[in-house]
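Engineer: Between the sequences and the hints, there should be enough to build the whole structure, so can you do that?
Protein chains: 2
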Amino acid sequence: MTDKNRVLIFDTTLRDGEQSPGATMSHVEKLEIAQLLDEMGVDIIEAGFPIASEGDFAAVSEIAKRTQNSVICGLARAQFPDIDRAWEAIKHAKRPRIHTFIGTSPLHRAIPNLDMDQMAERIEQTVTHARNLCDNVQWSPMDATRTEHDYLCRVVEIAIKAGATTINIPDTVGYTAPRESADLIRMLLERVPGADDIIFATHCHNDLGMATANSLAAVEAGARQIECTINGLGERAGNTALEEVVMAMKVRNDIMPFNTGIDTTKIMNLSRRVAQVSGFVVQPNKAIVGKNAFLHESGIHQDGVLKNVETFEIMRPADIGLNENNIVLGKHSGRAALRSKLTDLGFEVGDNQLKDVFVRFKALADRKKEVYDEDIVALMQDTAANTESDHLQVKHLRVVCGSDGQSADLTMIVDGEEKTVHATGDGPVDACFNAVKAIFPHQARLQLYQVHAVTEGTDAQATVTVRMEEDGRIVAGQSADTDTILASVKAYVGALNRLIVRREQVGKDSDAKHISMYSH
Amino acid sequence: MTDKNRVLIFDTTLRDGEQSPGATMSHVEKLEIAQLLDEMGVDIIEAGFPIASEGDFAAVSEIAKRTQNSVICGLARAQFPDIDRAWEAIKHAKRPRIHTFIGTSPLHRAIPNLDMDQMAERIEQTVTHARNLCDNVQWSPMDATRTEHDYLCRVVEIAIKAGATTINIPDTVGYTAPRESADLIRMLLERVPGADDIIFATHCHNDLGMATANSLAAVEAGARQIECTINGLGERAGNTALEEVVMAMKVRNDIMPFNTGIDTTKIMNLSRRVAQVSGFVVQPNKAIVGKNAFLHESGIHQDGVLKNVETFEIMRPADIGLNENNIVLGKHSGRAALRSKLTDLGFEVGDNQLKDVFVRFKALADRKKEVYDEDIVALMQDTAANTESDHLQVKHLRVVCGSDGQSADLTMIVDGEEKTVHATGDGPVDACFNAVKAIFPHQARLQLYQVHAVTEGTDAQATVTVRMEEDGRIVAGQSADTDTILASVKAYVGALNRLIVRREQVGKDSDAKHISMYSH
Numbered sequence: 001m002t003d004k005n006r007v008l009i010f011d012t013t014l015r016d017g018e019q020s021p022g023a024t025m026s027h028v029e030k031l032e033i034a035q036l037l038d039e040m041g042v043d044i045i046e047a048g049f050p051i052a053s054e055g056d057f058a059a060v061s062e063i064a065k066r067t068q069n070s071v072i073c074g075l076a077r078a079q080f081p082d083i084d085r086a087w088e089a090i091k092h093a094k095r096p097r098i099h100t101f102i103g104t105s106p107l108h109r110a111i112p113n114l115d116m117d118q119m120a121e122r123i124e125q126t127v128t129h130a131r132n133l134c135d136n137v138q139w140s141p142m143d144a145t146r147t148e149h150d151y152l153c154r155v156v157e158i159a160i161k162a163g164a165t166t167i168n169i170p171d172t173v174g175y176t177a178p179r180e181s182a183d184l185i186r187m188l189l190e191r192v193p194g195a196d197d198i199i200f201a202t203h204c205h206n207d208l209g210m211a212t213a214n215s216l217a218a219v220e221a222g223a224r225q226i227e228c229t230i231n232g233l234g235e236r237a238g239n240t241a242l243e244e245v246v247m248a249m250k251v252r253n254d255i256m257p258f259n260t261g262i263d264t265t266k267i268m269n270l271s272r273r274v275a276q277v278s279g280f281v282v283q284p285n286k287a288i289v290g291k292n293a294f295l296h297e298s299g300i301h302q303d304g305v306l307k308n309v310e311t312f313e314i315m316r317p318a319d320i321g322l323n324e325n326n327i328v329l330g331k332h333s334g335r336a337a338l339r340s341k342l343t344d345l346g347f348e349v350g351d352n353q354l355k356d357v358f359v360r361f362k363a364l365a366d367r368k369k370e371v372y373d374e375d376i377v378a379l380m381q382d383t384a385a386n387t388e389s390d391h392l393q394v395k396h397l398r399v400v401c402g403s404d405g406q407s408a409d410l411t412m413i414v415d416g417e418e419k420t421v422h423a424t425g426d427g428p429v430d431a432c433f434n435a436v437k438a439i440f441p442h443q444a445r446l447q448l449y450q451v452h453a454v455t456e457g458t459d460a461q462a463t464v465t466v467r468m469e470e471d472g473r474i475v476a477g478q479s480a481d482t483d484t485i486l487a488s489v490k491a492y493v494g495a496l497n498r499l500i501v502r503r504e505q506v507g508k509d510s511d512a513k514h515i516s517m518y519s520h
Numbered sequence: 001m002t003d004k005n006r007v008l009i010f011d012t013t014l015r016d017g018e019q020s021p022g023a024t025m026s027h028v029e030k031l032e033i034a035q036l037l038d039e040m041g042v043d044i045i046e047a048g049f050p051i052a053s054e055g056d057f058a059a060v061s062e063i064a065k066r067t068q069n070s071v072i073c074g075l076a077r078a079q080f081p082d083i084d085r086a087w088e089a090i091k092h093a094k095r096p097r098i099h100t101f102i103g104t105s106p107l108h109r110a111i112p113n114l115d116m117d118q119m120a121e122r123i124e125q126t127v128t129h130a131r132n133l134c135d136n137v138q139w140s141p142m143d144a145t146r147t148e149h150d151y152l153c154r155v156v157e158i159a160i161k162a163g164a165t166t167i168n169i170p171d172t173v174g175y176t177a178p179r180e181s182a183d184l185i186r187m188l189l190e191r192v193p194g195a196d197d198i199i200f201a202t203h204c205h206n207d208l209g210m211a212t213a214n215s216l217a218a219v220e221a222g223a224r225q226i227e228c229t230i231n232g233l234g235e236r237a238g239n240t241a242l243e244e245v246v247m248a249m250k251v252r253n254d255i256m257p258f259n260t261g262i263d264t265t266k267i268m269n270l271s272r273r274v275a276q277v278s279g280f281v282v283q284p285n286k287a288i289v290g291k292n293a294f295l296h297e298s299g300i301h302q303d304g305v306l307k308n309v310e311t312f313e314i315m316r317p318a319d320i321g322l323n324e325n326n327i328v329l330g331k332h333s334g335r336a337a338l339r340s341k342l343t344d345l346g347f348e349v350g351d352n353q354l355k356d357v358f359v360r361f362k363a364l365a366d367r368k369k370e371v372y373d374e375d376i377v378a379l380m381q382d383t384a385a386n387t388e389s390d391h392l393q394v395k396h397l398r399v400v401c402g403s404d405g406q407s408a409d410l411t412m413i414v415d416g417e418e419k420t421v422h423a424t425g426d427g428p429v430d431a432c433f434n435a436v437k438a439i440f441p442h443q444a445r446l447q448l449y450q451v452h453a454v455t456e457g458t459d460a461q462a463t464v465t466v467r468m469e470e471d472g473r474i475v476a477g478q479s480a481d482t483d484t485i486l487a488s489v490k491a492y493v494g495a496l497n498r499l500i501v502r503r504e505q506v507g508k509d510s511d512a513k514h515i516s517m518y519s520h
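Keeping their order, the protein sequence lines are chains P and Z.
Counted from 1, the first sequence has number 482 at position 482 by the UniProt record's numbering; the numbering is strictly sequential.
Counted from 1, the second sequence has number 403 at position 403 by the UniProt record's numbering; the numbering is strictly sequential.
Hints should not be assumed to be uniformly reliable.
[Claimed, not checked] Here are the computed lysine to aspartate or glutamate pairs in the EDC-like style, where the Cα-Cα straight-line distance is at most 16 Å:
| id | chain 1 | residue 1 | chain 2 | residue 2 |
| --- | --- | --- | --- | --- |
| 1 | P | 250 | P | 313 |
| 2 | P | 437 | Z | 459 |
| 3 | P | 65 | P | 38 |
| 4 | Z | 437 | P | 459 |
| 5 | Z | 395 | P | 404 |
| 6 | P | 419 | P | 409 |
| 7 | Z | 250 | Z | 263 |
| 8 | P | 266 | P | 32 |
| 9 | P | 395 | Z | 135 |
| 10 | P | 94 | P | 135 |
| 11 | P | 395 | P | 415 |
| 12 | Z | 419 | Z | 409 |
[As the list claims (entries may be wrong)] Facing chain Z, from chain P, some residues (calculated, C-beta under 7 Å):
| id | residue |
| --- | --- |
| 13 | 232 |
| 14 | 244 |
| 15 | 397 |
| 16 | 421 |
| 17 | 423 |
| 18 | 426 |
[Said to hold, decoys possible] Partner residues aside, some chain Z positions facing chain P, computed with beta carbon under 8 Å:
| id | residue |
| --- | --- |
| 19 | 62 |
| 20 | 207 |
| 21 | 210 |
| 22 | 241 |
| 23 | 403 |
| 24 | 406 |
| 25 | 433 |
| 26 | 453 |
| 27 | 457 |
| 28 | 482 |
Since the hints were made in silico from the structure, they are not lab data.
These figures come from a predicted structure and were not determined experimentally.
Idealized CB from N, CA, C, for every residue including glycine.
Structural biologist: See the structure below:
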């Protein structure tokens, strides 16, 4: 890299983000997100953890084959079979990278029960093995911020000598503070022989609300790769938010003279898509991508007092691709207009899918005067969610609710066979879910149910997200419709369809669960 | 203050937080939140902006009279009538504070069209006036982080000489970074005569995701008051989150040896209440108080691999008062048990209110097997929301929805008169809202509609939040019920009731709008 102020953006939405309880994405969704990340200019996409499951392997492998520009990275524990499997998944990428890791802090060393020397030897062997397969190898000492400094320097040196080209320093538990984060990178650059020849990365978690500041402090100290996720998706309080570090370096380039390859105008679209496929809402007061992030107290602009927008704004909505109230299409729009809009929004559709989406678009345009970008995204999301699996399908629903009680008449098709039931419940949603249970008995427990209007206005589509859990397996379903109750049933059935797929992989799943604890 | 490491917590949820578009709280809600803040050990409560409206004045005044321990602060622009009005509102407090401010950066100096000398004179006069009324005076140079350093030192010195006992340094646009934030406080402490005799405060916004780190950096440099809000509520990306700075200093006391007077076990309850009354959801991956903040990838604990919880946890859920799945009451619980639980949750209820809540509790317990803390909170929230105003009341509702279309039969009481309509719409919610509009015509536009299940399980209560806007006035309504559609109507009608109250204050409102732009 010729520009010493160029900071690489390593996105792990599809690996560390997707690992959040309930954020599981489908194969199709992963491919879509990877394509959007590539188009936005992300330098490295961590596409998954190939040995964790067949699904992860398939997604990483397909993303590796399709991606145009980004480096595609696969995660592997410090074990030969993991590394071989990761290589198998990424080897067809234009630019593949193996990322292998092991927990180096005292608490993490105790898990595989290795002493310092044994672990050092394991690191030397596994990094060498990875480098024999691939020129581009990243190594991470998990829980680095709680690892003894001398030992950290020792193992980083070993990994560099064994061929690692990127050394990532994870703050696995979101424990560090900016000054500490900078000091750690500075120490490694000063003390470790060969440190100047490789790239240091920073991987922060937001448990104490400081992931963004910690990442930027590491960069100021010499790190040149930031590991992050869209919307800060990730376990617990999440990972560093890509949109925050990228925009902070852009807005405050005077004191942080670093640059990235990110096209920031694509941020908002990616944020919305990730929120939708993961079912993780973005709070209104979220930095950069929250609904209110650019919203000032009503009346300010109307008063006309502000001659200069900079008085209260340090960024413009357009910088992140936010164009509110953009009426895009109406009931007279044709198929070409719809396809063009879909392309703008990052969707590539085949002719058959376009035909299906167009029918649904027309139905929506008949009901809704103004069709916004958000409506189109919800429509696409819904289409993807409900064509993926067809064990269960909703055919007809009639619900009565209100002050006098609630009941649902539901007809579903279960593996081709039509079934109808009448059910009651505490509220219309409960009545519907009881009807689904009567048709397709299951033990899954509803963990989360939420509804968000896609746009303003009482005739807006509502996106319903449900998350359910069965024997430790968590699946999510989503659906959008102007009828909240119908959307609820479709989301619930969508989650059940995913659960059925997960049940079929029962052996692999328990393995995946065990593996997940090793990831940082 | 004898302990030099004691950091004062200044909560501005009721002022800067409540100022967020759509976060407007009712009088009763403000009193409740103030009481919870006082009980949690907040040092200073900024209760409102007394000259902004009659409502703000009444709330600040009532909070001043009721609060037991916290200092009660009222905000005022750099004008004598503002300062007099603030004093009028807080003078009955056990420990009152006047907070006056003016924008000192070039962009903000241009608004009142004052040159540097004229502004300096205004500061001298207004701080002196405030100090003549009250011993405890806080002064803020708005947009301090974009004010010329020499001029900032000059005006801070003037304010100290005029009697300010706290100098607050606001990062009004959320522009600063930790090192800068620290450097600014350090510079003021070094260069300004008299700086050692007063307390410096830091007031950060989260536009670039660094409010927590910026606040803590200021403390490390010598600031001893942090201005913050629950959940980081506030305009745009919000203010510094109280829960993040307080927990960061607690968890990382080894490198940040500062202490506060906050009882952290009350954090979770306050977070939930503020989310409910403001209608601002907390995202699952929010630090400290997000639903997932303490949730690990399913299977980890089940696997029993972790002998030591610290491997992935730096805080315990109990530290913030989080006790999940605490079944508290059932259908056989009596009135005394309910009152005791309400007291635990921070609600003080009179006998009449208890009677009403008990009836509603019994009805819920009949429908729902397990009644959790969250259910009780939702019940109380709903009770508060629907007794406040009685212009409009929902009497009876019957809704039909599903695949064949949607319709609503609604009976409401409008100022004592019963009215019934039949309406259709795009979805059951739209049909209901159309019915409400037919009974009570209005032009307000629905800005936000969201539904969250209060607890897990398909029989959970759902909390519905609606936010609507009419002529720049934004009001919110909330309701909880196991029937989502009924809750939607009640929330919508609740918001309309508030809108009616706001309409009656039309003159004051346009004044308040103008004023708000001056607040930081």
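Engineer: Could you run down the list of hints and mark each one as holding or not?
Structural biologist: Hint check:
At most 16 Å may separate the alpha-carbon atoms for a hinted pair to count; residue 250 of chain P and residue 313 of chain P meet this at roughly 14 Å. Among the hinted pairs, residue 437 of chain P with residue 459 of chain Z is consistent with the structure: their alpha-carbon atoms are about 13 Å apart, no more than 16 Å. In summary, the hint linking residue 65 of chain P to residue 38 of chain P is supported, as the alpha carbons are separated by about 13 Å, within the 16 Å threshold. Distance restraint check for residue 437 of chain Z and residue 459 of chain P: the Cα-Cα separation of roughly 13 Å lies within the 16 Å cut-off, and the hinted pair is therefore satisfied.
Our distance criterion of 16 Å between C-alpha atoms is met by residue 395 of chain Z and residue 404 of chain P, whose separation comes to about 11 Å. Straight-line distance between C-alpha atoms of residue 419 of chain P and residue 409 of chain P comes to about 11 Å, which keeps the hinted pair within the 16 Å bound. Taking the CA atoms of residue 250 of chain Z and residue 263 of chain Z, the gap is near 11 Å; set against the 16 Å cutoff, the hint holds. The straight-line distance between the Cα atoms of residue 266 of chain P and residue 32 of chain P is roughly 14 Å, inside the 16 Å bound, and the hint therefore holds.
Distance restraint check for residue 395 of chain P and residue 135 of chain Z: the Cα-Cα separation of roughly 71 Å exceeds the 16 Å cut-off, and the hinted pair is therefore not satisfied. With a CA separation close to 12 Å, the supplied pair residue 94 of chain P and residue 135 of chain P stays within the 16 Å bound. Of the supplied pair hints, the one linking residue 395 of chain P and residue 415 of chain P holds, its CA atoms being roughly 13 Å apart against a limit of 16 Å. A C-alpha spacing of about 11 Å is found between residue 419 of chain Z and residue 409 of chain Z, which places the hinted pair at or below 16 Å, so the restraint holds.
Hint status for residue 232 of chain P: holds, given a least beta-carbon distance of 6 Å to chain Z, under 7 Å. Interface hint at residue 244 of chain P: satisfied, since its Cβ lies 4 Å from the closest Cβ of chain Z, which is below the 7 Å cut-off. Hint on residue 397 of chain P holds. Least Cβ distance to chain Z is approximately 4 Å, under the 7 Å limit. Look at residue 421 of chain P: its Cβ only gets to about 14 Å from chain Z, farther than 7 Å, so that hint breaks.
For residue 423 of chain P, the shortest C-beta to C-beta distance to chain Z is roughly 11 Å, which exceeds 7 Å, and the interface hint is violated. The criterion of a C-beta within 7 Å of any C-beta in chain Z is met by residue 426 of chain P, whose closest approach is roughly 4 Å, and the hint holds. Annotation: residue 62 of chain Z was flagged as interfacial toward chain P, and the flag is violated, the nearest CB pair being 24 Å apart, outside 8 Å. Among the interface hints, the one on residue 207 of chain Z holds; its C-beta lies about 6 Å from the nearest C-beta in chain P, closer than the 8 Å criterion.
Taking 8 Å as the C-beta contact cut-off toward chain P, the hint placing residue 210 of chain Z at the interface holds, the least distance being around 5 Å. Satisfaction of the interface hint for residue 241 of chain Z is found here, the shortest Cβ-Cβ separation to chain P being roughly 6 Å, below the 8 Å cut-off. Checking residue 403 of chain Z against chain P by beta carbon gives a least distance of about 5 Å; that is within 8 Å, so the hint holds. Because the beta carbon of residue 406 of chain Z sits about 6 Å from the nearest beta carbon in chain P, less than 8 Å, this interface hint is met.
Hint status for residue 433 of chain Z: holds, given a least beta-carbon distance of 4 Å to chain P, under 8 Å. The beta carbon of residue 453 of chain Z comes within 4 Å of a beta carbon in chain P, closer than 8 Å, and the hint placing it at the interface holds. With 8 Å as the threshold, the beta carbon of residue 457 of chain Z comes within range of chain P, its nearest partner Cβ sitting at about 6 Å, so the hint holds. For residue 482 of chain Z, the suggested interface contact is upheld, since its CB lies about 4 Å from the closest CB of chain P, less than 8 Å.
In summary, the structure is inconsistent with hints 9, 16, 17 and 19 from the numbered list given earlier, while agreeing with the others.
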